[in-house]
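Number of protein chains: 6
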Amino acid sequence: MPIIETHVLEGYSDDEKARLSRALTDAALSVVPAKPDAITVMIHEMPRSHYMRGGTHRDPAPARPDAAATVRAYLAAMEARDLDTAKSMLGDGFVMNFPAAPGMSALEELIAWSKPRYAFVKKAYDKVEAFQQGETSVVYTIGTLFGEWLDGTAFDGIRFIDRFELRDGRIVRQDVWNDMAEVKAQA
Amino acid sequence: MPIIETHVLEGYSDDEKARLSRALTDAALSVVPAKPDAITVMIHEMPRSHYMRGGTHRDPAPARPDAAATVRAYLAAMEARDLDTAKSMLGDGFVMNFPAAPGMSALEELIAWSKPRYAFVKKAYDKVEAFQQGETSVVYTIGTLFGEWLDGTAFDGIRFIDRFELRDGRIVRQDVWNDMAEVKAQA
Amino acid sequence: MPIIETHVLEGYSDDEKARLSRALTDAALSVVPAKPDAITVMIHEMPRSHYMRGGTHRDPAPARPDAAATVRAYLAAMEARDLDTAKSMLGDGFVMNFPAAPGMSALEELIAWSKPRYAFVKKAYDKVEAFQQGETSVVYTIGTLFGEWLDGTAFDGIRFIDRFELRDGRIVRQDVWNDMAEVKAQA
Amino acid sequence: MPIIETHVLEGYSDDEKARLSRALTDAALSVVPAKPDAITVMIHEMPRSHYMRGGTHRDPAPARPDAAATVRAYLAAMEARDLDTAKSMLGDGFVMNFPAAPGMSALEELIAWSKPRYAFVKKAYDKVEAFQQGETSVVYTIGTLFGEWLDGTAFDGIRFIDRFELRDGRIVRQDVWNDMAEVKAQA
Amino acid sequence: MPIIETHVLEGYSDDEKARLSRALTDAALSVVPAKPDAITVMIHEMPRSHYMRGGTHRDPAPARPDAAATVRAYLAAMEARDLDTAKSMLGDGFVMNFPAAPGMSALEELIAWSKPRYAFVKKAYDKVEAFQQGETSVVYTIGTLFGEWLDGTAFDGIRFIDRFELRDGRIVRQDVWNDMAEVKAQA
Amino acid sequence: MPIIETHVLEGYSDDEKARLSRALTDAALSVVPAKPDAITVMIHEMPRSHYMRGGTHRDPAPARPDAAATVRAYLAAMEARDLDTAKSMLGDGFVMNFPAAPGMSALEELIAWSKPRYAFVKKAYDKVEAFQQGETSVVYTIGTLFGEWLDGTAFDGIRFIDRFELRDGRIVRQDVWNDMAEVKAQA
Chain A
1 MPIIETHVLE
11 GYSDDEKARL
21 SRALTDAALS
31 VVPAKPDAIT
41 VMIHEMPRSH
51 YMRGGTHRDP
61 APARPDAAAT
71 VRAYLAAMEA
81 RDLDTAKSML
91 GDGFVMNFPA
101 APGMSALEEL
111 IAWSKPRYAF
121 VKKAYDKVEA
131 FQQGETSVVY
141 TIGTLFGEWL
151 DGTAFDGIRF
161 IDRFELRDGR
171 IVRQDVWNDM
181 AEVKAQA
Chain B
1 MPIIETHVLE
11 GYSDDEKARL
21 SRALTDAALS
31 VVPAKPDAIT
41 VMIHEMPRSH
51 YMRGGTHRDP
61 APARPDAAAT
71 VRAYLAAMEA
81 RDLDTAKSML
91 GDGFVMNFPA
101 APGMSALEEL
111 IAWSKPRYAF
121 VKKAYDKVEA
131 FQQGETSVVY
141 TIGTLFGEWL
151 DGTAFDGIRF
161 IDRFELRDGR
171 IVRQDVWNDM
181 AEVKAQA
Chain C
1 MPIIETHVLE
11 GYSDDEKARL
21 SRALTDAALS
31 VVPAKPDAIT
41 VMIHEMPRSH
51 YMRGGTHRDP
61 APARPDAAAT
71 VRAYLAAMEA
81 RDLDTAKSML
91 GDGFVMNFPA
101 APGMSALEEL
111 IAWSKPRYAF
121 VKKAYDKVEA
131 FQQGETSVVY
141 TIGTLFGEWL
151 DGTAFDGIRF
161 IDRFELRDGR
171 IVRQDVWNDM
181 AEVKAQA
Chain D
1 MPIIETHVLE
11 GYSDDEKARL
21 SRALTDAALS
31 VVPAKPDAIT
41 VMIHEMPRSH
51 YMRGGTHRDP
61 APARPDAAAT
71 VRAYLAAMEA
81 RDLDTAKSML
91 GDGFVMNFPA
101 APGMSALEEL
111 IAWSKPRYAF
121 VKKAYDKVEA
131 FQQGETSVVY
141 TIGTLFGEWL
151 DGTAFDGIRF
161 IDRFELRDGR
171 IVRQDVWNDM
181 AEVKAQA
Chain E
1 MPIIETHVLE
11 GYSDDEKARL
21 SRALTDAALS
31 VVPAKPDAIT
41 VMIHEMPRSH
51 YMRGGTHRDP
61 APARPDAAAT
71 VRAYLAAMEA
81 RDLDTAKSML
91 GDGFVMNFPA
101 APGMSALEEL
111 IAWSKPRYAF
121 VKKAYDKVEA
131 FQQGETSVVY
141 TIGTLFGEWL
151 DGTAFDGIRF
161 IDRFELRDGR
171 IVRQDVWNDM
181 AEVKAQA
Chain F
1 MPIIETHVLE
11 GYSDDEKARL
21 SRALTDAALS
31 VVPAKPDAIT
41 VMIHEMPRSH
51 YMRGGTHRDP
61 APARPDAAAT
71 VRAYLAAMEA
81 RDLDTAKSML
91 GDGFVMNFPA
101 APGMSALEEL
111 IAWSKPRYAF
121 VKKAYDKVEA
131 FQQGETSVVY
141 TIGTLFGEWL
151 DGTAFDGIRF
161 IDRFELRDGR
171 IVRQDVWNDM
181 AEVKAQA
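Heads up: the protein sequence lines correspond to chains A, B, C, D, E and F, in order. Under the working numbering, the letters of the first sequence match residues 1 to 187, in that order. Under the working numbering, the letters of the second sequence match residues 1 to 187, in that order. Under the working numbering, the letters of the third sequence match residues 1 to 187, in that order. Under the working numbering, the letters of the fourth sequence match residues 1 to 187, in that order. Under the working numbering, the letters of the fifth sequence match residues 1 to 187, in that order. Under the working numbering, the letters of the sixth sequence match residues 1 to 187, in that order.
Derived from the structure by calculation, the hints contain no laboratory data. Keep in mind that a hint or two might mislead.
Which copy is meant is left open, so a pair is good if it fits within one copy or across any two.
[Stated by the list, open to error] Below, computed lysine to any residue pairings styled on SDA-like, alpha-carbon distance capped at 20 Å:
1) Lys35 to Asp92
2) Lys127 to Gly103
3) Lys35 to Ala61
4) Lys35 to Asp66
5) Lys127 to Gly55
Hey, can you work out the whole structure from these sequences and the hints?
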């Protein structure tokens with residue numbers, strides 16, 4: 001309990017259906033405190049000719065891409081300073097908020113902003129968490145930063161958390177928090 | 001599309017069923033990029049005598065409490081320095097991680113840790129986000145801090161994000177990030 | 001075969017649900033040439049809190065009135081020359097088409113038009129047939145006319161058919177055919 | 001709302017299933033005054049081995065032919081005076097009723113009856129309406145007649161309505177009304 | 001797996017529904033070798049107005065009585081030599097077959113037949129097994145006989161098995177096997 | 001009524017699904033006293049990717065073999081004195097109980113036990129009845145014995161009943177009753 005039946009049009013891949021089934025399982029667990037093994041999800045798939053709304057057949061929309069995978073790819077491109085790839089993942093109205101920084105909307109601004117702060121920084125991930133809120137996908141990445149200060153000394157283990165919003169498969173907002181300033185202040 | 005049918009035992013309140021239905025709606029939207037209005041959720045409720053597993057009837061487990069509500073109540077109790085109430089919401093093995101602070105497990109430690117940092121701090125919330133991962137409920141609270149430094153000057157607008165994990169309706173982990181140090185460093 | 005399951009919100013009367021079930025039975029029979037006894041219809045009724053579309057609960061719309069009953073009441077009112085009652089059943093844009101007559105839109109026009117044709121006319125019904133086409137209800141009434149010519153002689157057994165269109169429970173169109181002229185020509 | 005699920009045996013074509021789905025949609029709309037877009041029909045198709053009644057598997061009956069299409073083909077054959085084709089579409093006990101004419105059962109009678117009335121007549125269709133009543137399919141054709149009187153003058157725009165009953169895919173009754181006599185009387 | 005959904009008309013008691021659910025569970029286990037805990041049965045109950053077959057509502061038939069309970073009551077009545085009660089449980093055409101005895105149809109015949117064989121006999125039950133075959137209920141009772149021979153010596157531990165057939169809730173056939181003769185032969 | 005829907009994973013043969021459907025039909029008839037023709041069973045089969053329990057896909061267990069067929073094959077092997085084949089059908093802890101005989105667990109014991117009793121014996125079957133009780137399959141075979149006594153005289157028509165229990169497709173218990181001793185005593 002509960003037992004969840006989902007009726008969908010044919011056209012989703014096994015991976016997409018597994019993603020859907022896992023999301024429904026977690027949704028059920030958010031209210032019903034059962035062991036996960038007690039949550040059953042069944043997908044009933046229909047060919048186009050077996051589903052009619054308003055007297056007309058419908059086509060399935062292509063699945064929303066996996067938001068967590070999109071964010072990982074974006075962050076990998078940013079670490080590699082592959083701005084073209086990173087930009088291709090951004091949607092209209094993209095904004096970034098970094099600690100005590102003005103809101104930025106171009107990746108070049110971010111690079112300029114970071115230049116006086118560190119030589120480079122990379123991320124070690126502890127967790128990537130994704131969930132959906134209406135038409136917005138939200139992804140959190142959590143972990144620690146490591147890299148090099150401008151003076152060439154190394155740093156690592158600095159906690160960070162990034163929050164992303166995606167619409168229609170594209171990143172439209174990034175919010176970043178980390179302990180860099182706290183660590184520097186304690187140094 | 002999709003159309004989601006959920007079979008549950010009688011015993012959940014309308015609020016709990018609405019929470020379940022909204023969670024299932026968002027789960028569907030995480031894969032199917034439909035307008036939310038195209039997502040239908042039906043709950044089929046069964047009295048105890050209409051559900052049998054393994055030849056025996058089953059009782060519904062009481063609903064998992066709303067994790068977001070629990071976190072809000074905990075944060076309100078902490079702001080009011082009502083430690084007894086706050087403690088009653090913590091589960092076994094509770095740990096807290098604050099910016100560049102050692103892991104803490106007692107609320108008194110946190111109060112001691114904060115004493116040399118500010119006179120008081122309060123939170124203005126922008127967002128509370130909750131979702132489920134297996135048996136763990138995750139809640140994010142996002143907003144800005146305002147309060148008073150030790151020298152009596154006021155501050156506000158400092159971004160923060162808190163992440164909570166709950167098990168069995170109790171908070172077992174709190175991770176906190178904010179821009180306090182960054183703001184101080186820029187001051 | 002087939003077996004038809006219908007999910008509806010609570011709020012329809014037993015009569016309305018029987019009307020729905022019979023309409024679904026006939027719909028199935030239009031394609032599947034089974035004995036009617038082989039057609040099964042099940043209604044699954046949901047309280048408001050068990051149905052959610054787009055993350056919000058919905059209210060059931062009051063049932064469309066029985067179109068055949070509306071037409072019968074309208075025709076009874078017309079026979080009784082109770083024009084106020086008859087008019088209350090008409091919708092915006094109502095038009096009437098009588099044999100070789102100009103289109104009329106007011107009941108008074110019809111009465112004026114019929115004055116030189118007969119003293120009075122009444123209907124004996126053989127059949128009333130109603131079905132739905134999208135948002136339009138169509139009703140046919142079939143039978144024979146009886147009454148009195150202007151010269152006082154009686155007539156009867158004159159075949160007629162009326163076709164009505166209803167929108168939102170109101171009559172918006174009436175088309176009338178009958179054998180009056182043919183009968184007169186043969187007299 | 002409502003959501004209609006139909007369980008049928010495999011063996012119906014996409015066209016037949018679309019016909020069934022549209023008929024079910026209209027059936028739902030006859031009682032529930034929703035926008036057609038709010039009516040969902042799902043077909044669940046089963047192979048023969050997945051359906052058992054009374055302990056035995058069943059075979060699907062071939063679909064009832066589209067009654068409207070049969071009537072159109074019959075009327076086309078009649079206009080072309082292709083009596084053999086037209087007769088092949090008639091069922092046992094076929095009867096025809098024309099304005100103020102005796103009931104006829106043979107197409108030749110009709111042709112003899114019409115000979116002194118007009119040189120030829122053809123139909124311009126406004127509407128063909130079909131619906132099912134138990135095991136009887138009912139089809140209405142509505143439009144105007146055009147053709148030539150015996151004296152060689154042309155006519156057109158004469159309103160007509162034909163009503164057909166079909167059983168087991170064959171026409172068993174035809175009732176005809178039109179304004180011919182009225183038009184002649186006014187001429 | 002499997003998950004079994006049963007649609008029934010309202011009107012069965014909780015006990016009858018539990019009996020139905022357990023029978024369906026065992027039916028599933030006869031083919032699917034799952035742990036019983038993996039078999040889920042859901043009952044969907046409909047008021048009379050929510051079920052239509054062939055365009056008419058139907059009434060639920062009263063449940064078939066528990067065949068095992070009927071047989072137990074019959075055997076208790078026979079042991080108590082309460083022939084009237086026992087006879088009230090027999091159906092038309094009742095026959096009994098005892099070891100190497102002619103077929104009997106009246107309980108008095110059985111009593112006459114047993115008179116020269118033992119003073120009295122009673123049953124200790126190990127098992128009562130009931131299952132359904134189409135419209136026939138089959139019940140087996142298995143255990144050991146104890147009692148007294150005609151010479152007054154006691155006996156016990158003699159294996160027996162009785163097989164009963166019931167139609168419409170009444171016993172129509174009883175077949176009896178036991179080791180009495182074998183035991184006597186060995187004595 | 002009732003209408004039974006069964007959701008199973010793909011992987012069962014048509015024969016196994018027919019066996020399941022018939023078992024469910026009989027289960028329904030054990031409580032609902034309908035004509036068998038009124039019992040409908042539908043199987044909804046899902047590919048592995050359409051069923052998830054506890055967040056993971058599952059594989060269907062191979063069907064339990066037909067217990068009645070296994071018992072028939074075992075009895076045929078025993079009649080043919082093909083002990084190796086017969087033994088291959090026995091499960092751990094197999095026991096046999098014959099009339100007034102000590103419990104035996106090896107087929108050789110049975111052969112030794114029968115040697116002084118008859119030259120040979122064969123079975124004519126009237127009925128084979130199988131049903132399931134939790135994880136145990138129960139099979140009854142009923143009929144008459146024929147064969148030859150040790151003195152060469154033939155016998156036949158001696159009633160017998162065998163009861164078998166199977167676990168995991170193997171016979172773990174056989175109980176035998178018959179009228180042999182009674183017949184001999186009467187001889």
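Homo-oligomer pair classification [aspartate 66, lysine 35; C-alpha up to 20 Å]: between (26 Å within a copy, 17 Å between copies)
Up to 20 Å CA-CA - aspartate 92 versus lysine 35, copy category: Cα proximity of lysine 35 and aspartate 92: across copies only (19 Å, versus 41 Å in one copy).
Intra- versus inter-subunit Cα pairing at 20 Å for lysine 35 with alanine 61: Intra 33 Å, inter 10 Å, cutoff 20 Å: inter-copy only.
Same-copy or cross-copy closeness of lysine 127 to glycine 103 [CA-CA at most 20 Å]: between (25 Å within a copy, 18 Å between copies)
Intra- versus inter-subunit Cα pairing at 20 Å for lysine 127 with glycine 55: between (46 Å within a copy, 19 Å between copies)
Violation of the numbered hints given earlier is absent; every hint is satisfied by the structure.
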